[in-house]
Each structure stands twice: as structure tokens, then as C-alpha cells.
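Enquirer: Spelled out, the chains give:
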Amino acid sequence: MSGADASLDRRLRLQSGPAGRYEAMFEIRAFEDRVQAMFFEGTVHGTTHTCQGQEAVSVGIAAAARPTDTVTCTYRGHGHALALGMPPVTVLAEIMGRRAGSVGGVGGSMHLCDTSVGLLPTFAIVGAGIPVAAGAALTAQVRGTDDAAIAIFGDGATNIGAFHEGLNLAAIWKLPAVFVCENNQYGEYSAIHLTTPIENIADRAASYGIPGHVVDGQDVDVVASAVGEALERARAGGGPTLLEMKTYRYAGHSRADTAPYRPEGEFDRWYERDPINTYRSRLIEEGEVTAEEAGEIEARVARRVADAEATASADDPATVDDMFRHIYAP
Amino acid sequence: MRKMRMNQAIATALADEMRSNPDVVMFGEDIAVAEGPFKTSAGLLKEFGPSRVRDTPISEMGFLGAAVGAASTGLRPVVEIMFIEFIGVALDQLVTEAAKFHYLSRGTVSVPLTVRGSIGAGLGFGCQHSQTLESWMYSTPGIKLAVASGAHNAYGLLRAAIRDDNPVVFLEPRARYAKREPVPTGEDAIIPLGRAATVREGSDVTLVALGAMVPAALQAAEEAPWSAEVIDLQTLVPYDKETLARSVSKTGRLVTVEENPLTGGWGGEITSFVTSELFGDLQAPPVRIACPDIHVPYGRELEQRYLPGPDYIAQQVGSLLDTGTRPAHWWETREVVA
Ligand SMILES: Cc1ncc(C[n+]2csc(CCOP(=O)(O)OP(=O)(O)O)c2C)c(N)n1
Ligand SMILES: [Mg+2]
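From first to last, the protein sequence lines stand for chains Y and G.
The first sequence begins at 1 in this note's numbering and counts up by one.
The second sequence begins at 331 in this note's numbering and counts up by one.
Excised from the complex, chain Y in its bound form:
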């Protein structure tokens, strides 16, 4: 299977139902835990921004979107890339600077890309992906397809000009775009309430005359239906929507950050509503999966992540020639 087919195939499996959503979330958690460990082991260098705790947002978005929709997201992008369909080995190889990585190993952790599932190169500049998503929505509008674009960005990004300019433009042109803010409560080291004078970022939609909703970002099904509804509205010509996913970042901002600024007990309160644990219990309770089946999923995922690591580690590093490729389109 070619890389593109593998991504598409994974994406479609995700849409197969609750067990698929559980597996996708569990995969992100296992992957991110491993990536974090690898940085401490020194297997990879540079920096990384992991997303443990935010898995329901990634999977809910991917479950609701089509592979032909365009997605822009940030440096905190491993989870979105995996949920959208990128195979773990492709993401990990990129993080490790290997040729099997999604951009051949010259991009690194902050720079993933897979156009077969609509993911534009992920953005390491805060806010930059927001107007870009508006532009992708413009393509759909001008060409008359019913595809849409989704911008995924953080709470901190809603204080930068690009957010406001992007939303305003999308609103006046009624672009088929969905703006998804992952409110994980922090920018780098600052709690969002220290840099933002309002409680709900969703309220900012009012300035642009578009709908804004607060969404429980810890519940994958709730995320999927909120994104699904916003996409439907967008595809039908109703214009953009701003969705604020309330969620929480378990790890520090980046590799080096141990999050000393976090108030005592905050992590524990959020962990009680861990998106993976709560979904697992619910699926078992509702008879969607048995505990045994859940265990099988988890074992399968663990093997997949271990295989990805073995394959990526055995792969060749990007070469000097690779540095010179793709500077200009031919």
C-alpha cells in the first residue's frame, strides 16, 4: 500500500464506530508517551510538543471531516496527524529525521504534512494556519465543491492578529470553514486567563457575526457532532463557525517544560475526566466493547507503536541531497 493509501485506509477505519474512535485516541496517547520518552532518552533531539489529554479533539475532528477537506494545525500536531490517518511510522520517522518521515525527515516534529488526508504542512508560527484555512475554504467555494476547511489552533492563538483577520475574512465571504480552538488552558507557560480577558473564547465569534460554541473537548462523540454540524453548515453555504474545545494539556508546553506553573490539584481534576478512560468505561458499560476487546485494541496499538519505532529507527536519516530538494516548484 502506498503512503497515501495507508493514510486514507486508516482514516476510513476510524469512521467505523466507537471502537475505532477508542483505538485512535489510545494510539495517540501511546504514541505521545513514547515520543516524550524518546526525547528524554536522547534518541531524538530538538523540541517536541505533545498532546496527551487532548486526544478526543483530534479524533472527533477527524471522525467528522472528510479526507478531501483541508486541515491546518500547529506544531502540537502529532495527534491530529495520526487521527487524520497518517501512519505512526510516518509521523515518528519525521520526528526522528528519517527519510520515511512525512516530509522526508527534513521538517521534524513541528512540520508534518499529508495531503492525501488534507493536512497542509503544520504551522510552527502561532496563528498562521487560521487565515490559510480560510484560503483553502475559498478554493472550495470558488470551485463549487462542497469541501470545507478546518483550522485547529490553541487558546493563546486567539490573541494574535491572524485569528481575527482570518475569522473576519471567512465571515464576510461566507467561507466553508470551521475554526477549532483547542483551549488547553495554557499558552506556553501562562494560564489563558492571564492573557485573555474573557472566560469563553467562543464568545469572540460574536464580533464576526458567526456562531460560536463551547464544546466539551474531553468527549470524542461530542466533539465529532459539534464539528459535524459546523461542517454541514459550512458545506451548505452557511459560512464559518468557531468552536472552542475545552480540554487540558497533560505534558508541559514542550519537551523541556515540566509545567511548574500549574496549580496544585489542577491536573488531577482534569485527569478524572480523561478522554480515554471515560470513553473506555462508557463503551464497556453500553456494551459497545467488552473489557477484553478493549484490552485487545490496546495491545494492538502498543504493537503498532513499537513496530513504528523499530521501522523508523532502522530507516535512513535524511541526506544532504534531501536538504536541497523542493525549494522551488519545478
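Any given hint could turn out to be false.
Residues of chain G placed beyond 10 Å of chain Y at every Cβ, according to the derived structure [as the list claims (entries may be wrong)]:
hint, residue
1, Asp346
2, Leu463
3, Ser602
Derived CB-CB ranges, DEER-like [stated by the list, open to error]:
hint, chain 1, residue 1, chain 2, residue 2, range
4, Y, Asp146, G, Asp495, 55 to 65 Å
5, Y, Thr43, G, Gly648, 48 to 58 Å
6, G, Ala508, Y, Gly265, 44 to 54 Å
These are computed hints drawn from the structure, not numbers from a lab.
All values derive from a computational prediction rather than experimental measurement.
Ideal placement from N, C-alpha and C gives every residue a C-beta, glycine not left out.
With chain Y held as given, fit chain G with the ligands onto it using these hints.
Expert: The following block gives chain G with the ligands in isolation, referenced to the frame of chain Y:
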């Protein structure tokens, strides 16, 4: 003389300027409570309080613009652009507003603003967090531009930048933050802008470098059989023509060592100056050692290949001295593998 890391030297310079002038204020992302992502403002919030040391939202255009306004009305702000790339979203305030206020006010308004930013490759941050970007700024009249090469001059240059009555961009090579060096401090240690430092005397060739390329050029010179004079430019705008000219007329050879894509790099300006002014003194064509016209790659080895290192510098200079002609850039002789 105290030994300090470059980030400590910067925090010390900031503290000393804030003590000596109550108009000096500071803002940037996570610089107050967290003391800066690179710990360049350690202790400042504690000593100077939240009115003078402020955390900002992620909004470079907003806070750089606010610094322009504060500077034009009496304060002397220092703002931190965590990675110099982030100035992209705020460039208007610097190059189109701040740079032109003095001119557009018939000299009645000045903008004593310092914009600090971290620059450069070597830490594995990928192509959007590894550039130096002097070339975005050095051809805008009205802005001065200084680049530290380590703790030893970061202190003195930064204090001069803050005291200057113009907008000054002060760049800090990220790869040098953690390096410890003896640092002269106090009023006497202030390094006037516009003055280069001859960090090594020599007679065969003049190596002119900036930022993180200074230690690389020095190391190359120290290990080589030939005698190189190494000049740390320190200030790129305005650059020290006198020191440059004196050195090149003595050695007869000029080599620039730059951490930037070759095309449009500052070495082109230096080379042009020397060629035009000292043509008769030159015994060989001026040579530029720079990076290829590509993005900074991820991955330790590729990044090291991308950057001019001491061995490569030594080999280029050696070849110039042997042959009297410009040596090929490493990428010009590369055999391309598909
Ligand atoms: C324009 C710009 N300014 C600053 C940064 C540095 N930076 C990277 S991530 C980050 C915090 C972003 O917070 P948020 O938008 O909430 O996203 P999160 O990291 O929480 O996912 C900052 C300040 C940047 N990358 N780009
Ligand atoms: Mg955040």
C-alpha cells in the same frame, strides 16, 4: 571577572539598565513570571515589579506596536521576540513605523526602542525556528542592528542598545545562551554601537564574522597554519568601516563568515565596500563563506552540514591562500544523488 552564561549576561545587562533608568520597561511572552523561555530575564520581575516587567499575550504586532508608542512618548522599552521569526507578524511596526518616526517628525520624536530576538540554527528546531534574518532588517534606514557573539559582548552591546535613542534590533544566537564566558560588567563594559572588535590579530587574511560565526571563525584561525585576523563586526548597522579597512589593507584578503543564505547576506555589503574602497590593496578576490540558499534542515547532522563550521572555514581560507582564487562553495561541488 565573573563567568556567566550568555542568558545571564543578558539578564544582568537588563537589570543594570533598569536600575540606572526608571524609564526602561520590558515586555514579551512569558518573560516576567517564567523569566523568559531562554531565562534571559531571571530576577527582573522580582526586582522591578509588574509595572515595568510585563508578560504579554501572544501578539507580537500588538506589543511591538505598543513599544513603539511607549518609546515615542518617553519610555525606553525593551521587547523580546522569542524567536526572531516571530517578528514576521510585527514587521510593519518596526520597519515602516518606528524606523521612520524621527524622519517624519522633523526630528522631534525619537524611538528609543530595543527589540531583542533569538537567532540561528544548531538546536534542532526546524526551518521556522532556526533563521538569523538580519537580511530582513539591515537595509532599513533608521534601525540599528547589533548581534552578540557570546556572553562577553552581549552585556555591553545590549546596554548600548538600550541607551541608544533609535530603534535597535539586538540579536542573540540561541546556540550561545548556555555557553559560559568571563563577562566584563559595569559602565566601562558598555560597547558603543558601530564598533567592531578585533578578536584576533593576524597578517594573511581578515575573517569578518557575526554572531555564532565568530567563535567558529576564531577556532578555524587558531588551528590553522596561516595567520588570520578575526573581526567580530558586533554591529551590522552601522558597521565599522574603519576597523575593516585598516585590517584588510594590512592583510590584503577578506573572507566573510555568515550564518545566512548566501544570496542577500550581509557579507555581500561588506564585500562590496571593501572591493570598491580597497581594490588596490587586495591580493585576492574577497570570499564569502555562507549557507546555501535553502531552508535550515532538521536533524543534527544536516544542520551541522548546513552551518559553516571551523573545519570548513579553515579549508576555504586555506584554499584561497594557496590558489589566490575563490574556492567553490561546498554545495557547488556536491555530486547530486537522486
Ligand atoms: C507568532 C508566534 N509567537 C510566539 C510563538 C511561540 N509559541 C509557540 S507555541 C506558543 C503558545 C501557544 O499557545 P496556544 O495557542 O494556546 O497553543 P498550545 O501550544 O497550547 O497548543 C508560543 C507563544 C510562535 N510560535 N509564534
Ligand atoms: Mg493552549
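Enquirer: Beyond 10 Å on every Cβ pair: is that true for aspartate 346 of chain G relative to chain Y?
Expert: 26 Å, holds
Enquirer: Minimum Cβ separation between serine 602 of chain G and chain Y greater than 10 Å?
Expert: 26 Å, holds
Enquirer: Are alanine 508 of chain G and glycine 265 of chain Y spaced within 44 to 54 Å by their CB atoms?
Expert: 34 Å, violated
Enquirer: Since leucine 463 of chain G was said not to touch the interface, does its Cβ keep a gap of more than 10 Å from each Cβ of chain Y?
Expert: 13 Å, holds
Enquirer: Does the Cβ distance between threonine 43 of chain Y and glycine 648 of chain G fall inside 48 to 58 Å?
Expert: 37 Å, violated
Enquirer: With 55 to 65 Å as the target window, see if aspartate 146 of chain Y and aspartate 495 of chain G comply at their CB atoms.
Expert: 58 Å, holds
In summary, the structure is inconsistent with hints 5 and 6 from the numbered list given earlier, while agreeing with the others.
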